[in-house]
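**Student:** Chain by chain, the residues run as shown.
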Amino acid sequence: MLRKLVNLITSLKLTMACLAAAMALIFAGTIAQVHLGIWEAQQRYFQSLFVWWPPEGHGFRIPIFPGGHLIGGILLINLIAAHAKRFHWAWRKLGIHLTHAGLIIMLAGGLFTDLFAVESHMRLGSGETRNYSEDPRRMELAVIDTTDAELDQVTAIPEAVLRQSRTIEHQSLPFRIVVRNFYQNSRLRMVNENGSNIKPIANQGPGAQVVVDSAPRATGVNERDVVTAAIEIIPTGAADSAADRSLGTWLVSDALGAPQTFSWADHTWQLVMRPARYYKPYSVTLQKFTHERYIGTEIPKNFASQITLIDPEQAVNRNVLIYMNHPLRYRGETYYQAGFEKDDKTSILQVVRNPSFVAPYIACIVVAAGLLVQFGYHLVGFSRRRRTVLA
Amino acid sequence: MKRFFPLLALVLALAWLATSWLPPKVAQDEPDLVTFGKIPVLVGGRVKPLDTVARNSLLIIHGKETLRLANADQITAIHWLADLLFKAETADEYPVFVIQNAEVLGLFGWEQSDRKYFSFAELSPFLKQIDEQGEQSDKLESVQRSAYQSAVLNLRNALILCQRLKNSLRPQDAHDFSKELETYAAALPPAAHAAGQREKGENFDKAQLDSAAAFIERYENIANMAYILAVPSPQGSQWHSIGETLVEAVRTVDIHPVVKAYAQIGDAYHVGDQRAFNQQAAQLRDWFSKEQPNATKRTSFEFLFNHVDPFTHSMVLYVLAFLLACGSWLGWTRPLNRAAFYLLLLALAVHTFGLVSRMYLQERPPVTNLYSSAIFIGWGAVIVALILERIFRDGIGAACAGAIGFITLIIAHHLAGSGDTLEMLQAVLDTNIWLATHVVAITTGYSAMFLAGMLAMIYIIRGVFTRSLKKETADSLSRMTYGVVCFATLFSFVGTVLGGIWADQSWGRFWGWDPKENGAVLIVLWCAIILHARWGGFIKQRGLMIMAIFGNVVTSFSWFGVNMLGVGLHSYGFMQKAFPWLVGFIVSQLALMVLAAMPLERWRSFRMAPGAVRRKDQSSNLKFVPPGLA
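Chains as they are written, first to last, in the numbering used here: chain P, 7 to 397; chain V, 1340 to 1969.
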């Protein structure tokens, strides 16, 4: 039994099956991008263990095809296992060993990147300074203690926590947050818009005038979910049912812009649903954004952001020019010129933390060397034989 | 004869090239459009000769680079452009606009007939309608447009381009433009004086101001419409349109010499004064070669490049070589084979000249857009195929070289329809290092995949339909295919990973699952499957051929198919027209694969001695099985 299993996971047939499955998956995932957009198709096809049908939100779903992580994982195990079982050193096998070692590095690096890389954006208007980047795909509920004029105390509750737990308690908060309702995607409308008799869930802030409708998850290329939650604030120590001690229910939503304020225990608090933030120990200031075009055309020639980087910890204070194909790498993060807003005044930098970004560089060199050795070995052998045949 | 035939073929081909490459002669009583066509202007962000502007514009508007008039005379693109610029009322009668869509014709109350070209004069009553209809479909994404909407939008764009050209060098209603400019120049100093007085609050002559203002409004109009930027700034980094320069003259109180020269050229052309036209055009050319020596050198070369038209010529040579190589399998083998090889070398030389010229003109590595990828894929495949031909000397490499060279150049020819093929590069692509490495490696991989597929096609077609596939030929075909697949694996892999590294440098992620990236990795995976299947003994000779043909399907999807999806960073627009061709190609390849899967007894080459075939098939190329894992 065990021998059979070992034979299976080290077999060349399994390799071929994985490669063929990968081709089918990539083809399907590429076609799916037409309707789902690159990001969503990537989640469903490549960054998953299985491809599900129907996708989500239905009563049932069944796996119809192995996803990218599963195929990649099996391929990785297959590669390592096959080499562990059959490895024996010979010069004429150098090319093959190099190629496969490189592939192992590449696959492992890819998997690692998928799991640990963090992508976010930094949106900077001219002259603006920021010490955080944002992930527009994930939201967080920020509860901010603004009592101190100098220093805000932020407690951020990720979207995933809001989705899963009913009651949220944290040592930094003198109250509980009870999630009354959570909408992954929603539409907001004013309560008096069409005279319906639906009551708002919230009774505090602007949310008290708003009715929330649940909406299907956004799949379009430029669409994103409007995450909304109705939360009740109950001071620590009071029972859930003690309605008289509740501070009220607020509606927090991506669609409601400004933070909502309330007071409790001599402190002033703000509530805001916003894109998840990653704070940095340094700050970035946009001095100038330039967008060059070729003369007499609208074809962009270059985008560039002139920024100032200030890091008190490292005593860094310098100007940096970030432009096409020339990112800034700083403290494990890389800043790329990703886009701009219509008026050419706001620059959007992509911020990536990818601890395994060197893996593909190494893998590429190793595999290319392996292929060269391998095919070169054949070519030499072939021409030598051919010469003997012709002679 | 046997000995001389190949040389004879080569000499004939050279003679044919020489006759069509003779420098264009200008008859005494005709306007010198050669000199005129070499004058540099800036369009689409690039300095190019007027000849190129003429060819590209006519290609966009008319679909061809020459124009056949109603009286069956054929005129060149530069002739058409000169008429359009300086004799608009004549050019308005030329049947340049292509309308084939019945619904668009119905818009004007016309029935569909044999005629598909219409003149501006015929369309002018419907301009407003065309503009409105076109504007509506312009709001849609290209994928959403119906055939009618695309057609009406194309017509609108063609009309706009035509109107912009007409107003590029002079207002389209100008008759004696030199005289008009003199009046304008004379009106400027008093107007400037009056304006100065007005600023100081003194009394001023309003009439002086108004007369200049009327001119300025007129020139602002053509400045807004201008398609051609004709006037270089002294440093040559900035170019302005005639209209802009005239408006600017308010400040300098002087008319730029280039503007004056174009006015005189235009006036001479307008009244048909050949001598004055030739003289003025020569003067303007001299002015440019003094003031803008580099630009002039380049545009003169580009004019030559346009005239020589290397890709069309090498296309013809490739076809001839292909036919000769195929003929060599039927008999008279050596002379035909030699002749094919010589013609291929000549075709490759012309092809290389074209490729290198484009690199010189653009100052870029060879592949910058889909058009140039077709040129380069053909070039790479031809070189590898010729190397195979040198090694095996059996006409197979030659036939592949001829066929692939011809097909890729035909594809390139059809990709050129959108105008300038030397267009400027989007900001992200503006890096010669990555264009030279990633893009070249990827396209070399494509070349090799297509070559392997072509070899496999020859194996199958010769094997199934003829008796010419001897064991020896079959074996060498198999070796060639295997070798070329190895080559393709190396280049596709390296190219794909280099693309990833470029992406990591530019966007911060090595791999983004962009359709073009996926297409590239599909090729790498397919190569890996072929090689492992062979090393593992899952396939033999015929299996290798079938898989190599499927490589054509994968590669064509990667090259063209993914662009048609219209998503991602590499999408160059939806190519509706190419879609049926792609589907047709894929279907043909699948059909060949089915054909190849027929029992060997039914192959004509193997029918005679099935036993022998089986033996061969089982023992195929054992000595070439590489030391795999097994």
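Think of the hints as simulated: they come from the structure by calculation, not from any bench. Just to be clear, a hint being listed does not mean it is correct.
Straight-line C-alpha distance at most 25 Å; calculated DSS-like pairs for lysine-lysine [as the list claims (entries may be wrong)]: (1) V:1467 / V:1478; (2) V:1426 / V:1518; (3) V:1599 / V:1426; (4) V:1403 / V:1364; (5) P:99 / V:1879; (6) P:19 / V:1879.
Cβ-to-Cβ under 8 Å is the rule here; a few derived chain V residues that face chain P [stated by the list, open to error]: (7) 1384; (8) 1839; (9) 1853; (10) 1871; (11) 1926; (12) 1927.
In this text, a Cβ means the ideal position worked out from N, Cα and C, and glycines have one as well.
**Student:** Any hints this thing doesn't respect? Which numbers, in order?
**Tutor:** 11, 12
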